[in-house]
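For the protein sequence lines, the chains are A and B, in the order given.
So in the numbering used here, spot 239 of the first sequence is number 239, and the numbers just go up one at a time.
So in the numbering used here, spot 202 of the second sequence is number 1202, and the numbers just go up one at a time.
Check the hints yourself; a few may be wrong.
Said to hold, decoys possible - Below, a list of computed lysine-lysine pairs in the BS3-like style, where the Cα atoms sit at most 27 Å apart: (1) Lys31/A to Lys17/A; (2) Lys219/A to Lys97/A; (3) Lys87/A to Lys31/A; (4) Lys97/A to Lys1190/B; (5) Lys219/A to Lys1142/B; (6) Lys1187/B to Lys80/A; (7) Lys1085/B to Lys1101/B; (8) Lys1182/B to Lys233/A; (9) Lys219/A to Lys1182/B; (10) Lys233/A to Lys1085/B; (11) Lys87/A to Lys1104/B; (12) Lys97/A to Lys1085/B; (13) Lys82/A to Lys1104/B; (14) Lys233/A to Lys1190/B.
What the hints assert, rightly or not - Coverage of chain B stretches by chain A, computed from C-beta distances (three or more under 8 Å per stretch; other residues unrestricted): (15) 1016-1029; (16) 1084-1093.
As the list claims (entries may be wrong) - Interface residues of chain B toward chain A, partial, derived using beta-carbon atoms under 7 Å: (17) His1099; (18) Met1102; (19) His1105; (20) Ala1183.
Honestly, the hints are just simulated from the structure, not real lab data.
Even glycine gets a Cβ: it sits at the ideal position worked out from N, Cα and C.
Listed here are the chains, written in short residue letters.
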Amino acid sequence: MDRQLTFEIFRYNPERKGETPHMQQYTLEEKPNMTLFIALNRLREEQDPSLVFDFCCRAGICGACAMVINGRPNLACQTKTKDLPDKITLHPLPTFKLIGDLSVDTGVWFREMYTRTESWIHTSKTFDPTKEEERMDNSVAEDIYELERCIECGCCVAACGTARLRSDFLGAAGLNRVARFVVDPRDERTDREYYEVIGNDEGIFGCMGLLACEDVCPKNLPLQNQLGFLRRKMGITALKDLFKKK
Amino acid sequence: MMKTYTSSVPGVSRLDAGLDWLQMLTGASLILFMWCHMMLVSSVVISPNLMNAIAHFFEATFMAQVGGPLIFLTFLVHFALAARKIPFRVEGQSTIWQHAKMMKHRDTWLWVVQAVTAMIILILGSIHMWTVLNDLPITAAKSAARMQHFWWFLFYMVLLPCVELHVSVGFYRIGVKWGFVKADQRKGFKRFESTLFTIFMVIGIITLIRFLMFG
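If we strip away everything but chain B, and leave its shape as in the complex, we get:
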């Protein structure tokens, strides 16, 4: 129930605004990173040498050694910030689940998708980053060797759609939530977001297949 009386008067805080800004900015940075990441990894489809050259560039400039852990940190911070809105108690979870089922509303369901994929990405993404960053330099051969291992292949078959879903829904959400996308542009933007998701999924799967056929 809403409070009908004033028991105390808290000072005005910039905390909620600050956390909301940070949630959006870390999210936007991770989206940008994921797009670049896809370009690096999918370059193997053109040529493994190209992927090696890009990876080498990141290592020679120390971007992988410094940027990698920084991305990991951003990833964890983004999770902690966004988790403020995710119900962790069964009570809240069943409320939002029933709500989504009742409403049959696409954007409400997309939020559930965001929350569920967030949990999967937190675990699988951490494992992925830990493995890759502990085994620098990144090379096409090493990535391919990992992918040719059955369990790792399964691992990426789960992680890939989760990341692509989370990224594209997150991209859409930032646009409509912060008003960068107006009501009359929403439908078109949603279509754009779905197209983006499809394109990245196709590129991702082609890349996975290329790694499987490597060597």
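Same shape as in the complex, but just chain A:
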């Protein structure tokens, strides 16, 4: 027998004057293989066209449908209703700017993060389009790709206690981004240069090790290991610097 699902959905449109944030209830009959993405679309099509939420790829690639599902940030398109209880509570991701209802602006945050981390290959070599590409060891390429898989959904940032307490914290997504360049042999930045970017409380030393990022990441990125790696690397860089100084 199909279950009757109850949705408690956060509603608020900051653009509309006089509106206050509130929870709204909807009910929907569960169907086989139903994901939250399907459920939300049905709610919007059949019950409430004013419901605001984001989606794009419906395959866990674009990261647009991230939201807080029964308290945990996750992707709506990858969450099956059969794994959830009868009552499903949905909130927008905290930390990010609210656009309306379940939709937040992660773009501005990630753009800022990319600027701060200087998220590009720093090299002194001039690019020659006629030349064959430089070869890279397959294992190195795989290591880079492993960290490059981030879809920028913002779940790790929304789940992060530090990011909730201080808005200037880079978050696991930002630190993972830096780790990706540390692994990349084409990037000529030294440890000291990376230290300038993340060797502070807005960066790696702000991380309190709550590891919610690791536990909620929908792409299962190795965030715990990367954060530990960066903390040790940056900690040792600072120590080396201390002893080098005359």
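On the provided structure of chain A, position chain B as indicated by the hints.
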């Protein structure tokens, strides 16, 4: 909000790294100390004479007279360093409280436990150290006399679980935060940490009971 412009360019500082190192090292030292402390105190369960002998050794070598205040200092420094991360304003406290309630995530709750026990340990731990260090030498009889006093017994019944919780969560946190424990070892390490907590709690309670029955 994050700054979108550069109003000034601060020089690279080693301060945050240094403070983080110190927070970890003072924490690790205090964990080691607490384990040794438990061994000293619980030796009374085997024999009060053994506890007296160990205590005497620490005094004869001046480790209690010098080491005691040093531990007190480490304790205060560790608090000051870790307090950098604890929200002291109601605004921050309610944010992290709501966050923990929303997430229902064990490690996030454990952090709240760490912060709350830190405050209790700061006060009760200071009182304990002040009392003990002002009344050297440490002997099983004196400790037992204190424990047989109702309010002191209550005092230690609060302090003991707080310390054991703080120590075991802190031990776990250092491991995962600094990457000594990798993701695939985390579950096992967590179990190890819970076992450690249970063992120390049991030893602690047995010791308290032994002191109650002393003399």
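Consistency of the hints with the structure:
1. For the hint linking Lys31/A to Lys17/A, the alpha-carbon distance of about 37 Å lies beyond 27 Å, and the restraint is violated.
2. Restraint check: the Cα-Cα separation between Lys219/A and Lys97/A comes to about 23 Å, which is no more than 27 Å; the hinted pair holds.
3. For the hint linking Lys87/A to Lys31/A, the alpha-carbon distance of about 15 Å falls within 27 Å, and the restraint holds.
4. Restraint check: the Cα-Cα separation between Lys97/A and Lys1190/B comes to about 35 Å, which exceeds 27 Å; the hinted pair is violated.
5. Of the supplied pair hints, the one linking Lys219/A and Lys1142/B is violated, its CA atoms being roughly 58 Å apart against a limit of 27 Å.
6. Proposed proximity of Lys1187/B and Lys80/A is supported: the alpha carbons are some 26 Å apart, at most 27 Å.
7. Between the alpha carbons of Lys1085/B and Lys1101/B the distance comes to roughly 19 Å, so the proposed pair stays at or under 27 Å and holds.
8. In summary, the hint linking Lys1182/B to Lys233/A is supported, as the alpha carbons are separated by about 15 Å, within the 27 Å threshold.
9. About 18 Å separates the Cα atoms of Lys219/A and Lys1182/B, which keeps this hinted pair within 27 Å; it holds.
10. Note on Lys233/A and Lys1085/B: the hinted pairing holds, with a Cα-Cα distance of about 21 Å set against a maximum of 27 Å.
11. Restraint check for Lys87/A and Lys1104/B: satisfied, since their Cα atoms lie roughly 16 Å apart, inside the 27 Å limit.
12. Our distance criterion of 27 Å between C-alpha atoms is met by Lys97/A and Lys1085/B, whose separation comes to about 24 Å.
13. Annotation: proposed proximity of Lys82/A to Lys1104/B holds, straight-line Cα distance about 20 Å (limit 27 Å).
14. For the given pair, Lys233/A sits about 24 Å from Lys1190/B by alpha-carbon distance, which is consistent with the 27 Å threshold.
15. With 6 residues carrying a beta carbon less than 8 Å from a beta carbon of chain A, the region 1016-1029 of chain B meets the three-residue requirement, and the given coverage holds.
16. By the rule of at least three residues with a Cβ nearer than 8 Å to a Cβ of chain A, the coverage given for the region 1084-1093 of chain B holds, with 4 such residues.
17. Here the hint on His1099/B is kept, as its CB sits about 5 Å from the closest CB of chain A, short of 7 Å.
18. A least Cβ separation of about 5 Å between Met1102/B and chain A falls short of the 7 Å threshold, and the interface hint therefore holds.
19. About 5 Å separates the beta-carbon of His1105/B from the nearest beta-carbon of chain A, less than 7 Å, and the hint is met.
20. Interface hint status for Ala1183/B: upheld, as the beta-carbon distance to the closest one in chain A is roughly 5 Å, under 7 Å.
Hint compliance for this structure: hints 1, 4, 5 are not met, and every other hint is.
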